[in-house]
Amino acid sequence: MKDGYDGPILEIDKLSISFFTRLREIPAVMDFSVVVQPGEAVGLVGESGCGKSTVALGVMQDLGKNGRIVGGSIKFKGRDLGAMSLDELREIRGSEIAMIYQEPMASLNPAMKIGKQLMEVPMIHRGASEKDAYERALQVVTDVKLPDPRRILDSYPHQLSGGQQQRIVIAMALMAEPSLLILDEPTTALDVTVEAAVVELVKELGKKYGTSMLFISHNLGLVLETCDRICVMYSGEAVERGSIKDVFDEMQHPYTQALFRSIPLPGADKNAHPLRAIPGNFPLPHERPEGCNFGPRCDYFEAGRCDQGTIPMESVPGNDRHATRCLKFREIDWNAPLTADIAKEKSEPGRVVLKMEDLKKYYEVAANALFGKSGETKVVKANETLSFEARESETLAIVGESGCGKSTFAKVLMGLETATDGRILLDNQEIQHVPIQARNTKTVADVQMVFQNPFDTLNPSMTVGRQIMRALEIFGIGDSEEERRKRMLQLLDLVKLPREFADRMPRQLSGGQKQRVGIARAFAGGARIVVADEPVSALDVSVQAAVTDLLMEIQREQKTTLLFISHDLSIVRYLSDRVMVMYLGHVVELGTTEQVFAPPYHPYTEALLSAVPIADTSVEKKHIVLEGDIPSAMNPPPGCPFQTRCRWKDRVPGNLCEQDVPPVRKMASGHQLKCHLDDAVFDEMEPVIKVAAE
Amino acid sequence: MDPLSWGEILARVLAQFTPVWIALVLVFVVSILFKRRLGLYGKLFDSLIGMIGYGMVMFWVFTGVFGAFDLIVTHDSLQQISSMKNKVPGFPILGAEEGQYPYYLLGGDNLGRDVFSRMIDGAWVVVQIAPLATVFAFMVGITLGLPAGYYGGRLDTALSFLANLILAFPVILLFYLLVTPEIIATGIPNYMATFLFIFPIIFAAVLLNSRYHTRPTLRTPLLIGVLGVLGWLYLSLVSEVGSKVYLIPGFADLFDVPAGILVVFVSVVFVNSPTVFRIVRGLTMDIKTRDYVAAAQTRGEGPWYIMLWEILPNARGPLIVDFCLRIGYTTILLGTLGFFGLGLPPESPDWGTTINDGRRLLRIYLHPALVPAISLLTLVLGLNLLADGLREESLRD
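Top line first, the protein sequences correspond to chains A and B.
Quick note, the first sequence lines up with residues 1 to 694 if you use our numbering.
Quick note, the second sequence lines up with residues 1 to 397 if you use our numbering.
Because the hints were derived from the structure by calculation, they are not lab data.
Don't take every hint at face value.
Stated by the list, open to error - Calculated pairs, DSSO-like style, for lysine-lysine (alpha carbon to alpha carbon, straight line, at most 30 Å):
| id | chain 1 | residue 1 | chain 2 | residue 2 |
| --- | --- | --- | --- | --- |
| 1 | A | K381 | B | K288 |
| 2 | B | K288 | A | K360 |
| 3 | A | K360 | A | K442 |
| 4 | B | K288 | A | K378 |
Claimed, not checked - Quick look at which bits of chain A chain B covers, simulated, 3 or more residues with Cβ under 8 Å:
| id | segment |
| --- | --- |
| 5 | 425-439 |
| 6 | 448-456 |
| 7 | 470-483 |
Claimed, not checked - One-sided excerpt, in silico: chain A residues whose CB lies under 8 Å from chain B:
| id | residue |
| --- | --- |
| 8 | R22 |
| 9 | M414 |
| 10 | V444 |
| 11 | N459 |
| 12 | P460 |
| 13 | S461 |
| 14 | R521 |
Yeah, the Cβ is synthetic: ideal placement off N, Cα and C, and Gly gets one too.
Produce the entire structure from the sequences given, and follow the hints as far as they go.
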């Protein structure tokens with residue numbers, strides 16, 4: 001500590017924040033209290049719109065001109081932040097409280113060299129000399145484990161990768177050795193393996209500098225890995241607060257319980273133990289119910305009791321600082337097993353519908369767009385010898401991080417691009433060279449896609465019904481407007497949306513509802529193969545379960561082949577039958593879900609599995625942190641694409657990894673790997689995820 | 001009779017505008033009452049700046065329209081009363097006849113015409129030409145900008161180069177060239193009109209065809225009807241008996257556009273469309289990366305459907321704002337053309353011509369030039385404020 005203060009670093013007491021729009025006052029945070037002790041990391045968890053970021057902005061006293069603190073107090077080291085003058089606040093921000101945002105590029109000045117931006121911090125806050133500031137910057141950049149710190153200091157932000165940029169932002173926050181670090185979804189924009197490395201770094205630095213942290217995230221697994229205490233928020237209120245262990249293992253609020261039941265933990269299974277989505281929708285801030293905000297969606301709701309008055313935070317006896325906002329927490333049997341839904345029948349994969357044989361897609365990138373002929377052209381190998389089969393009513397997951405070529409593959413399959421080489425067989429017809437304009441309506445309607453970003457997937461200026469009817473029109477379904485309208489309403493039924501939604505504009509729908517419309521549109525022509533490109537990654541966890549289940553249900557009914565592109569291995573394990581792992585355009589591993597999730601692993605699969613945060617205290621995970629970033633597809637490493645980050649590389653004799661692309665090795669039936677490692681080494685591998693015996 | 005005092009002039013001018021006030025109040029009351037249901041237009045009434053701008057614009061629109069119905073004007077704008085030459089505002093007409101308005105409210109100009117009435121009639125010229133010319137410029141800009149942004153590559157390079165070429169050409173020089181008798185004799189302005197004015201037809205045809213090609217029974221009659229009407233209007237507009245472009249016989253020609261006005265139209269469209277082209281191209285490049293465009297591609301939609309129905313409606317915000325600003329530029333451009341005596345007839349009451357007339361005696365008599373100058377200024381200012389208000393409100397929420 002820089003000063004002698006030894007009380008709690010941050011005390012938020014009964015904080016209420018409202019935003020004032022031209023129509024009404026919108027309460028964003030109500031009666032929120034939390035205490036952060038020195039050196040402690042507190043996680044703030046909740047779905048989007050629950051007010052967790054508003055709390056952070058409130059601490060920074062940066063609510064914009066519409067926001068105002070309408071009640072309660074925020075004390076930093078015993079001093080009330082609300083009573084401070086602008087000058088005093090400026091003194092504290094950046095030097096005592098630092099904040100790290102989601103988008104690293106938005107926090108860095110693109111026109112200034114990294115070194116200069118870092119040096120500004122001590123020079124402004126402590127009047128340090130340029131030389132001292134440089135020394136300090138160099139030290140911090142070394143601390144955040146960036147290679148070649150001097151070169152980094154001398155480069156501009158755009159010359160660094162996303163992961164490196166976020167490390168710089170962390171370095172900048174640490175320059176002034178703040179007492180409190182606020183991290184607002186710091187890794188959401190990053191790939192999983194990079195995320196794992198950044199989280200590791202944050203944890204380490206927190207210990208080293210003794211910084212207290214307020215960690216805002218929607219990912220329970222991430223909070224489990226980084227924090228000591230957790231505060232769960234719902235609709236502007238803290239609903240449960242306590243130590244990680246208490247909240248994860250002895251949850252005392254129905255919302256926390258529902259949240260845990262809706263995320264795919266190891267052991268969940270789409271047929272035997274399906275996920276349980278939270279029924280209903282998140283209430284809008286001005287339409288909150290009377291009494292308990294979670295009441296209308298709660299399984300334990302009791303009319304006349306839960307819907308009256310305000311519900312206070314009560315501490316749970318026997319636990320350390322564990323509190324819950326539930327009237328009935330003493331009565332509910334928290335250990336009652338989930339009333340098992342009727343286990344659904346597993347659908348058997350049918351005949352092969354889609355077959356890829358040695359598919360290759362190369363892009364030629366001219367060095368100079370205008371005088372391209374004279375300069376050398378570079379070849380980007382987006383897909384390299386892709387071969388697999390997909391059967392009727394089978395879910396094949398395609399896993400990989402950004403730049404692994406999964407989107408290119410989808411484009412080639414859809415016909416938006418044509419293949420460079422190899423074959424794509426749809427019902428034994430070659431379609432690899434047929435662009436979408438030349439495909440017949442049947443083929444186009446058969447292969448459809450569900451997109452990632454729900455806010456982008458629907459045309460904002462057309463009603464929902466019109467968009468689905470347009471798809472029907474294009475696929476030649478129905479002879480008249482009335483017929484198509486009827487079919488469109490049936491499709492809305494299929495995706496479980498009320499029929500009134502047909503006349504709504506997309507902006508009136510929530511993210512999950514938009515995604516359902518996207519699914520309805522994809523199935524308009526009776527699609528047989530649906531490529532789902534991270535269909536739930538942008539949705540809140542409670543909605544994810546519902547949308548995933550919907551996809552599964554439609555698949556069961558219509559025997560659809562689902563190609564599920566994702567980087568989230570938890571959800572992949574939950575719903576897929578087979579998994580294909582891609583890295584830099586290569587398929588590095590392909591097999592059934594059980595085969596891929598158990599040893600022997602491809603070294604990349606192993607790292608990927610270890611990187612995924614799991615929100616379960618009983619799970620033991622091996623810690624494998626990958627060094628460095630994913631190489632650029634423009635300039636891939638020679639030999640094995642993964643050799644630059646592989647931890648098993650020294651087990652391969654000679655320089656084999658750097659020289660030759662490994663051959664495809666058949667392991668068990670249907671399981672294949674692309675690796676030089678010996679069978680003996682594969683046998684040595686231990687499972688990454690171990691569920692401790694109950 | 002004595003000349004009117006300034007107070008009396010003001011009172012009489014305000015009284016003369018009575019129909020405009022009534023119309024303005026009606027529009028504002030209705031709009032404010034229903035502002036929550038009127039989308040972006042309704043939001044305009046939350047912004048003071050936007051409301052002021054809208055008020056100023058609508059003032060001139062109503063003035064122009066009512067003026068054309070002889071409601072506001074006090075005298076014929078071409079009538080000359082020799083005793084009223086260069087008279088100061090509020091000067092009474094000597095020996096005024098029965099039923100004739102007894103004063104020149106804002107004085108007389110150097111030919112003895114009523115400055116007030118000329119101002120009102122000048123507003124009508126602007127209200128007629130500026131929005132229509134801007135619409136044409138937008139049609140051209142959109143029809144070329146969408147494919148340039150959507151396809152990119154060589155098409156984009158070629159079209160952008162052409163746009164830059166036009167933008168690099170001095171505007172005034174271009175206008176002088178277009179009205180030179182030798183150039184008119186070659187028929188260049190007529191050919192340009194023939195070329196530029198075909199874009200709205202292409203636009204409408206592609207718009208409807210891309211939307212309804214899956215339903216031929218609806219599409220075919222619709223296209224025939226719309227294209228028939230538009231085609232006839234187009235031929236009437238460009239074809240002139242005896243000119244270089246003489247396509248349809250005189251009896252089928254719906255209306256005659258004076259050659260001067262046609263030149264004004266052509267030049268305004270020609271000069272404005274490259275800028276619109278660039279804006280549309282930029283917006284298209286941005287929007288084409290959205291998932292709903294990809295979704296349309298994956299269900300096999302044609303490129304024109306994607307451009308006109310998926311991209312264009314979502315680019316409307318910035319385009320509406322630019323439309324307001326551009327009407328302002330066009331108004332200034334019209335003033336410039338009138339000032340140089342290009343295109344419009346010399347006795348035309350438009351503001352540019354009037355300012356030029358008044359300029360010669362500016363050091364002795366200020367009012368003949370001052371009145372149209374202030375009119376021009378308030379209209380353009382109003383349009384700019386309106387655009388500001390729209391931009392601000394479209395960004396909020």
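Do the hints match the structure? See the list:
1. K381(A) - K288(B): 24 Å, holds
2. K288(B) - K360(A): Status holds; Cα separation ~26 Å.
3. K360(A) - K442(A): 25 Å, holds
4. K288(B) - K378(A): Between K288(B) and K378(A) the Cα gap is close to 25 Å, so the pair holds against 30 Å.
5. 425-439: Contact hint for the segment 425-439 of chain A vs chain B: holds, 3 residues under 8 Å.
6. 448-456: holds (count 6)
7. 470-483: It holds: at least three residues are needed, and the segment 470-483 of chain A offers 5 whose Cβ sits within less than 8 Å of chain B.
8. R22: 6 Å, holds
9. M414: 5 Å, holds
10. V444: 4 Å, holds
11. N459: 5 Å, holds
12. P460: 6 Å, holds
13. S461: This hint holds: S461(A) lies near chain B, its Cβ roughly 4 Å from the closest one there, short of 8 Å.
14. R521: At about 7 Å, which falls below the 8 Å cut-off, the nearest Cβ of chain B leaves the hint on R521(A) intact, so it holds.
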